[in-house]
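All residue numbers for the sequence shown refer to UniProt numbering, where the first residue is 1 and numbers rise by one.
Everything labelled a hint here was simulated from the structure, so no lab data went into it.
A few of these clues could be false.
[Claimed, not checked] Derived DSS-like pairs (lysine-lysine); straight-line CA-CA distance at most 25 angstroms: (1) Lys-286 x Lys-510; (2) Lys-618 x Lys-393; (3) Lys-387 x Lys-442; (4) Lys-581 x Lys-693; (5) Lys-342 x Lys-437; (6) Lys-560 x Lys-442; (7) Lys-109 x Lys-186.
[Claimed, not checked] What follows is a list of derived Cβ distance ranges for each label pair: (8) Leu-93 x Arg-321: 54 to 62 angstroms; (9) Leu-379 x Glu-153: 27 to 35 angstroms; (10) Asp-58 x Lys-547: 43 to 51 angstroms; (11) Gln-53 x Glu-155: 38 to 46 angstroms; (12) Thr-140 x Asp-435: 50 to 58 angstroms; (13) Gln-650 x Ser-691: 25 to 33 angstroms; (14) Leu-93 x Ile-339: 25 to 33 angstroms; (15) Asn-154 x Pro-54: 53 to 61 angstroms; (16) Asn-522 x Gln-156: 31 to 39 angstroms; (17) Arg-446 x Glu-606: 37 to 45 angstroms; (18) Gln-156 x Ala-530: 48 to 56 angstroms.
Glycine is no exception: its CB is placed at the ideal position from the N, C-alpha and C atoms.
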Amino acid sequence: MSSLSNHQPLFLHMRRTFLFYLSLLVVIFEAQAQHYGQQAKVLVQVLEETHCQPRTRDDSFSAQLYDAFLDALDPQGLYFSDQCLQSLVPYRLQLDDALQTGNEEFLKKATALYETRLLQTDSLVQAMLARPLPYAQPDTLTLLGHRSSYRPENEQVHQKLWQKVLRYRIGSRLAERDPTLASFAKREQEMRELVRAQEHCKFQKLLYPPEGLDTHVASLFLNAVANQYDPHTAFFSGADKEGFEASLSREAYTFGFEVEEGPNGEIQVAQLMPGGPAWKSNELHKGDVVLEVQLGKDVVDPVCLTAEALNQQMQSTLADRLDITVRNAGGQLTHVKLIKIKLEVEESVIKSFVLHGPQKIGYISLPDFYTEFDSPTQLGCANDVAKAILKLKKEQITGLILDLRFNGGGSLQEAQALAGIFIDVGPLSILQDRDQKPYLLKDVNRGTIYDGPLLVLVNRFSASASELLAAALQDYNRALIVGQTTYGKASAQTILPLPDVPHAPMGFVKVTIDQLYRITGNSHQQRGVAPDVVLPDLYSYLPMSEKDEAHALSFGHVDKKVYYQPGAALPRETLRERSHKRVEHDTVFTRADEAGQLLARRFSQETAIPLELSHFQKAEAHAQQLINQLETCGRRPTTLFEVEADRYEQELLQMDTHRQELNQAVVDDLRHDAYLTEAYQVLLDFIELQSNK
Numbered sequence: 001m002s003s004l005s006n007h008q009p010l011f012l013h014m015r016r017t018f019l020f021y022l023s024l025l026v027v028i029f030e031a032q033a034q035h036y037g038q039q040a041k042v043l044v045q046v047l048e049e050t051h052c053q054p055r056t057r058d059d060s061f062s063a064q065l066y067d068a069f070l071d072a073l074d075p076q077g078l079y080f081s082d083q084c085l086q087s088l089v090p091y092r093l094q095l096d097d098a099l100q101t102g103n104e105e106f107l108k109k110a111t112a113l114y115e116t117r118l119l120q121t122d123s124l125v126q127a128m129l130a131r132p133l134p135y136a137q138p139d140t141l142t143l144l145g146h147r148s149s150y151r152p153e154n155e156q157v158h159q160k161l162w163q164k165v166l167r168y169r170i171g172s173r174l175a176e177r178d179p180t181l182a183s184f185a186k187r188e189q190e191m192r193e194l195v196r197a198q199e200h201c202k203f204q205k206l207l208y209p210p211e212g213l214d215t216h217v218a219s220l221f222l223n224a225v226a227n228q229y230d231p232h233t234a235f236f237s238g239a240d241k242e243g244f245e246a247s248l249s250r251e252a253y254t255f256g257f258e259v260e261e262g263p264n265g266e267i268q269v270a271q272l273m274p275g276g277p278a279w280k281s282n283e284l285h286k287g288d289v290v291l292e293v294q295l296g297k298d299v300v301d302p303v304c305l306t307a308e309a310l311n312q313q314m315q316s317t318l319a320d321r322l323d324i325t326v327r328n329a330g331g332q333l334t335h336v337k338l339i340k341i342k343l344e345v346e347e348s349v350i351k352s353f354v355l356h357g358p359q360k361i362g363y364i365s366l367p368d369f370y371t372e373f374d375s376p377t378q379l380g381c382a383n384d385v386a387k388a389i390l391k392l393k394k395e396q397i398t399g400l401i402l403d404l405r406f407n408g409g410g411s412l413q414e415a416q417a418l419a420g421i422f423i424d425v426g427p428l429s430i431l432q433d434r435d436q437k438p439y440l441l442k443d444v445n446r447g448t449i450y451d452g453p454l455l456v457l458v459n460r461f462s463a464s465a466s467e468l469l470a471a472a473l474q475d476y477n478r479a480l481i482v483g484q485t486t487y488g489k490a491s492a493q494t495i496l497p498l499p500d501v502p503h504a505p506m507g508f509v510k511v512t513i514d515q516l517y518r519i520t521g522n523s524h525q526q527r528g529v530a531p532d533v534v535l536p537d538l539y540s541y542l543p544m545s546e547k548d549e550a551h552a553l554s555f556g557h558v559d560k561k562v563y564y565q566p567g568a569a570l571p572r573e574t575l576r577e578r579s580h581k582r583v584e585h586d587t588v589f590t591r592a593d594e595a596g597q598l599l600a601r602r603f604s605q606e607t608a609i610p611l612e613l614s615h616f617q618k619a620e621a622h623a624q625q626l627i628n629q630l631e632t633c634g635r636r637p638t639t640l641f642e643v644e645a646d647r648y649e650q651e652l653l654q655m656d657t658h659r660q661e662l663n664q665a666v667v668d669d670l671r672h673d674a675y676l677t678e679a680y681q682v683l684l685d686f687i688e689l690q691s692n693k
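I would like the entire structure built from these sequences, with the hints used as guidance.
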């Protein structure tokens, strides 16, 4: 969840680092034999120069880097054992020195060991799966909790672990296809061969990445170095950066999303293209794991494809329909149908709706703070939201709901511009970098586009630019914030190119350059923005906020005089009490709260899974029950309002059946969204209280 800073003080950073970059070039060209080691040296020098809170590189830094790098190579403890890592242990407290000199001895040894272990483990797995496993033997496999780590002690334990893993995978796959397990004897060989092929595919993907194994491992190391500064500072290869920029393109035939390889080798959703079919479906999210793909009539096995290959296939296919099954962070399965379309530059990427009920309320969902960095005008989401509001005002709306749930941030400049739609001139946030006095991020444009009743929906995954906007609107008493406490990221990043290193691929660094504070001087870093009206939520108990991240930055209060004119105090307490009375005994919300607690326990705690075949039948039934429970959380058809497109959109719908199909799916989703229904009721209460003044 990152926020790209695009404000004027960035030029101060660039000027200050220009001579620094030139000074590096002499050192670089004297060290052509040191490829990735030299790139790592340059990376830390750039981070020392530009990061808002640079770390001291010492033995503690070295040990944390060593552990993080090995976790990146082997996140589940399936390849290395403590025994085989003995050759690398002497380097654990020496990596800070290696970064200082550009020495890459550790990286070379780690890469060679990693390759050896992948080859050995692939051979081990293939040999194990050449014959039936001891399915009747009593045993358990421990599934780790979130952020837990494990590594086998020696080769014997490593082999035993893999036997358990393979029994689990075979049993799980068979139970998915035949919950009664009645066909096990007939299908055991089929399932075993399927798992054997899938595991071999995974090892081939790890051994032969498109960029080459040396470059892949070096990128993981460089990213581990960057992550030691904070969770949002990262190393980008040239391909990473190109993929990121391509995903934001608004003019192409596309299904509207790209995939990447996750930490466990699975393929997951990387980016959603604003305005694309995936974006408009509102069913795919960054981080969703891809389980099944069908392009037209062709079924694609994501296990045996690299993320790059799947991206290319989705782009080049002549099929215009895609059926995809994904698993989200909460374990829910979603089946999504997408239609490939051409996005035009002038096409609005904001979909707006009118909620017709006791009051005519406008609704806008904004999943991301996107912008057009390469456009001369750099018009992005704020401009599109402004257009959507103008259309809604023609519908004579009496209130507006802005939905920022699952909005992980984006362009800080767009958040600034979007706040200006609702606030008439004034400071929005205080920014602090490492060398400058605190300065203000302001709305400098007089006037507003919308000055009526406003409600902002947020949840645990509303982050960064979303939080800046929500905090500013809350501090100005301009909007009611409804939902759950937000993610808690109050920092801004920018992407800088690393100086070229001979014989090493081009690299970039996304670096945290600014700390953000509310205009009150307080920060929502690690705290989040607390809503005015709290709604029980499925995700509120998950340890997946900024404060749960390794190396999360910490900053509290900044002293700076800020002059601003907040609006009249909002009747927050009255609205909170009314909502609580409705929600307290509402089974939709109480079940969501219970399911959230259950999900958090399963997510955080280690779980011992019995491996006898009889267990898988019960486990599959229990898993399906849990999935059904999660999928229905917060879902109930509303009778409070009807959802309709604005008149302009209705004219377009009449001419495009594909557009109608996508629109109807979103309408159905909104009609069954209990959180939107309660937000609508809160806004009705607010309008009533305002009219009774």
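The hints, checked one at a time:
no., hint, result
1, Lys-286 x Lys-510, "holds (18 angstroms)"
2, Lys-618 x Lys-393, "violated (54 angstroms)"
3, Lys-387 x Lys-442, "holds (22 angstroms)"
4, Lys-581 x Lys-693, "holds (23 angstroms)"
5, Lys-342 x Lys-437, "violated (46 angstroms)"
6, Lys-560 x Lys-442, "holds (14 angstroms)"
7, Lys-109 x Lys-186, "violated (46 angstroms)"
8, Leu-93 x Arg-321: 54 to 62 angstroms, "holds (55 angstroms)"
9, Leu-379 x Glu-153: 27 to 35 angstroms, "violated (58 angstroms)"
10, Asp-58 x Lys-547: 43 to 51 angstroms, "violated (24 angstroms)"
11, Gln-53 x Glu-155: 38 to 46 angstroms, "holds (42 angstroms)"
12, Thr-140 x Asp-435: 50 to 58 angstroms, "holds (55 angstroms)"
13, Gln-650 x Ser-691: 25 to 33 angstroms, "holds (30 angstroms)"
14, Leu-93 x Ile-339: 25 to 33 angstroms, "violated (55 angstroms)"
15, Asn-154 x Pro-54: 53 to 61 angstroms, "violated (39 angstroms)"
16, Asn-522 x Gln-156: 31 to 39 angstroms, "violated (55 angstroms)"
17, Arg-446 x Glu-606: 37 to 45 angstroms, "violated (58 angstroms)"
18, Gln-156 x Ala-530: 48 to 56 angstroms, "holds (52 angstroms)"
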